[in-house]
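Participant: Generate the whole structure from the sequences, applying the supplied hints.
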Amino acid sequence: DTGVSQNPRHKITKRGQNVTFRCDPISEHNRLYWYRQTLGQGPEFLTYFQNEAQLEKSRLLSDRFSAERPKGSFSTLEIQRTEQGDSAMYLCASSLGPSGGSRETQYFGPGTRLLVL
Amino acid sequence: AQKVTQAQTEISVVEKEDVTLDCVYETRDTTYYLFWYKQPPSGELVFLIRRNSFDEQNEISGRYSWNFQKSTSSFNFTITASQVVDSAVYFCALSEQSGGSYIPTFGRGTSLIVHP
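Protein chains in written order, with the numbering used here: chain A, 1 to 117; chain B, 118 to 233.
One or more of the hints may lead you astray.
Said to hold, decoys possible - Keeping only pairs whose Cα atoms sit at most 27 Å apart, straight-line, the calculated DSS-like set for lysine-lysine is: (1) K133/B to K155/B; (2) K120/B to K11/A; (3) K57/A to K71/A; (4) K120/B to K187/B; (5) K57/A to K187/B.
What the hints contain is simulated information worked out from the structure, not anything from laboratory work.
Quantities reported herein were computed from a predicted structural model and do not represent experimental measurements.
Facilitator: Laid out in C-alpha cells, this is it:
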C-alpha cells in the first residue's frame, strides 16, 4: 500500500512562469485535498475533490490558481503567472470520505516546495 | 479569531523528560473532529490521532497520550519520556463541516526540540 505521492518535490521558477504540480492519492481514496504551507504556519486549505468533482474552490488564493482531477485519480494544481509570494510548500492529502469518522482522516503527501525567483 | 490556538511556538526539552503540547480550539458546531499531526524535518505530515466531538475519552498510545476536554475546548498532547526522534513540529487541527465535508483548520504548530 503506497501513500500519497507528489511530483516534483522541488520546483524553482522565475516570476511570471506557470507551474504545475501533480498529486497521486492513496488508491482507494476518493477525496483529494490541496493545501499551501508557508514558513512557520500550519497548512492552509485551498480546494478539494470528491472523485472528479471539485466541491470547494472558494479558498483558492486567486484566479491564478486552478486544480483538476479529470479521471478521479491523480490531480494537478496549476499556478499561472507565478509571483514571489507564491513561494511555499504545496501539500496534497487524500481521504476515504464521505460519511465522517475514520473516513475523514486525511493522509498527506511529502509536498512540493516551490521557490519563485 | 483563530479557530485553533497552539500558544507554544517552541518547546525545548532534554531526552526522557515528559512534555505537553497545548491546543485550544473554537467552534459552534456540535459535531467536529480534532486531529494531531507530526511534521518531521523531512516535511511530510504524519497522522497521529483523530477524536470526534462526542468521544471525550482520553487515549494512550505507547508514549503518546491525549487529553480531550470539551469544557475547556482543549485537546492536549503529552509525550512521556521524550526521545530525540520526537523532534518535529506538531500541529493540532479542527475539522468542521463545510459543504458536505469536514475541512480542517490547522494551528500554527509547536516546534518540539528534544536534546540528547
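Participant: Now look at each hint and say whether the structure bears it out.
Facilitator: Status of each hint after checking the structure:
1. With a CA separation close to 19 Å, the supplied pair K133/B and K155/B stays within the 27 Å bound.
2. Restraint check for K120/B and K11/A: the C-alpha separation of about 32 Å exceeds 27 Å, so the hint is violated.
3. This hinted pair checks out: K57/A and K71/A have alpha carbons roughly 18 Å apart, not beyond 27 Å.
4. Proposed proximity of K120/B and K187/B is supported: the alpha carbons are some 14 Å apart, at most 27 Å.
5. Between the alpha carbons of K57/A and K187/B the distance comes to roughly 31 Å, so the proposed pair goes past 27 Å and is violated.
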